[in-house]
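K.L.:
Using the sequences and the hints, build the whole thing.
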Amino acid sequence: MTQGHQVEGKATFEICDLTVSLGGGAVVLDGLSHTIVAGKINALIGPSGCGKSTLLRCLNKLIEPTKGSIRLDGVDITDIDVLTLRARVGMVMQSATMFAGSIAENLAFGPSSLGQEIDRPRMKELLELVSLDPSLLDKDAQKLSGGQAQRVSIARSLANKPEVLLLDEPTSALDPAATRTIEATLIRLRDELGMTIVLVSHSMEQVERIADTSALMLDGKIIETGTPEHLLTGVHHHWTEQFAKGKLSSQKENQPN
Amino acid sequence: MLDILSELLPRLPGILGALTLVSLAIGISYWQKIGLEKSMSVAVVRAFVQLIAIGYALQLIFDSDNPLWIGVIVGVMLTVAGLTSGKRAESIPKARTIALLSISTSLALTLGTLLALNVFEPTPQSVIPIAGMIIGNAMTATSLSMARLRDDLKSSRSAIESALALGAPSRVAAQVQLRTALATGMTPLVDSTKTVGLIALPGAMTGMILAGSPPMEAVQLQIVVMFMLVGAAAFASMIATFLTYRQFFTKTHQLKL
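Respectively, the protein sequence lines represent chains Y and D. Numbered per full-length UniProt numbering, the first sequence finishes at 257, counting up by one with no gaps. Numbered per full-length UniProt numbering, the second sequence finishes at 257, counting up by one with no gaps.
All the given hints hold, so there is nothing to weed out.
Computed list of lysine to aspartate or glutamate pairs in EDC-like fashion (alpha-carbon distance at most 20 Å, straight line):
hint, chain 1, residue 1, chain 2, residue 2
1, Y, K139, Y, D119
2, D, K256, Y, E64
3, D, K251, Y, E64
4, D, K251, Y, D79
5, D, K251, Y, D76
6, Y, K139, Y, E105
Bear in mind the hints are in silico, worked out from the structure with no lab data behind them. Fair warning: this is a prediction, and the values are worked out from it, not measured in the lab.
P.N.:
See the structure below:
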């Protein structure tokens with residue numbers, strides 16, 4: 001693993017020697033170690049099947065690792081009650097699944113599961129935070145566009161007041177305009193709330209646009225870490241170069257002739 | 001065996017008469033190239049042999065008046081029901097154990113209540129046919145609930161994991177699926193209870209009327225049977241749903257599929 005231009009900061013997650021193997025001997029994560037920096041947008045990038053979603057799901061214990069440890073603010077997550085951990089570490093899935101009922105009911109789901117209450121002014125604040133019109137609060141959540149639903153699903157996680165937000169390719173199903181709105185929301189969460197964000201992405205352009213730090217994954221390992229600029233310009237693992245080249249060629253395609 | 005045959009012989013013309021209807025059905029199958037002739041013939045022969053065998057066995061048991069035989073017969077019924085139901089839900093871990101446990105607990109609760117309240121005499125003549133009815137209905141409820149829960153958990157994976165990620169315990173995250181599975185197991189019996197007497201005269205009542213009992217006496221028995229079967233289906237669905245649910249979630253609220 002080569003490293004360069006490391007982003008300094010307090011560690012939120014310290015991942016050590018993490019291994020996830022499935023029945024039948026398939027290894028999804030292969031002794032992976034990584035640090036998630038507090039108050040930054042930490043990107044995980046790599047081809048599909050490299051294990052980035054699995055890594056994300058280990059961080060809020062939706063998956064039990066076979067081996068290795070994860071520490072959150074210095075405490076091993078196996079020592080934290082799992083439901084408390086999930087309230088502290090919010091997660092947004094690839095395509096948002098809205099629960100039956102209004103947006104307000106969706107926003108109340110997390111707090112009420114944890115035995116807490118959330119009032120309407122706070123709900124409106126949350127919608128504003130994700131650039132949604134607060135008057136939508138009583139709208140049927142099943143009738144939202146993909147981009148709106150994804151923003152509600154971010155707001156729904158924020159209702160638990162998490163310290164960390166995990167996002168699993170949150171924009172892969174969205175059009176460019178909706179993608180930009182989500183990206184702006186993430187920047188806002190980092191800048192205004194100082195939130196630690198872990199963003200799984202398949203797009204080098206997106207990582208370059210918003211991430212402070214990035215880790216390139218391949219075959220269940222992290223092969224490169226550093227700032228997005230470093231991934232694009234430094235001396236690398238051959239796969240990093242391929243990734244960068246892919247990025248450059250797609251950039252060329254986007255340029256008007 | 002001889003006395004059974006001598007009893008059967010006078011009824012043979014009636015059986016042969018009913019058989020002409022079966023040959024007619026086989027004829028239609030052949031004519032319309034449905035291809036069911038072979039399995040129809042096998043079914044007819046099997047039904048004949050199985051029913052003669054159980055008739056013979058029941059006659060022996062009633063004559064011997066040894067309560068141990070009740071246990072043996074009910075044990076065989078339970079085993080066959082458990083294996084049949086478990087096979088329907090094969091992809092669920094421990095499907096057979098779950099099915100057997102659900103059906104036998106349902107039988108114990110229902111039959112136990114009826115015997116404790118003195119609704120039936122604890123004689124082989126009442127216990128064996130009643131246990132048969134309970135087991136048959138509990139088996140259907142068990143199969144339906146198990147298969148439905150498995151299918152729904154698979155198809156709702158993203159909704160369930162979204163709920164888990166918000167800090168909901170697995171029972172809350174799978175609430176909708178659990179309710180649907182319960183309802184699915186109980187619906188056939190609730191429906192037939194609603195329409196009983198309007199669409200078809202149920203089996204126990206038909207049997208008594210054919211055997212010459214006064215209709216009101218038959219109705220009394222049928223009401224008891226109906227209520228008992230609703231109870232049996234409810235118990236079986238509940239236990240099967242709960243045990244199946246436990247197979248798909250870990251103690252740390254993770255969904256494993």
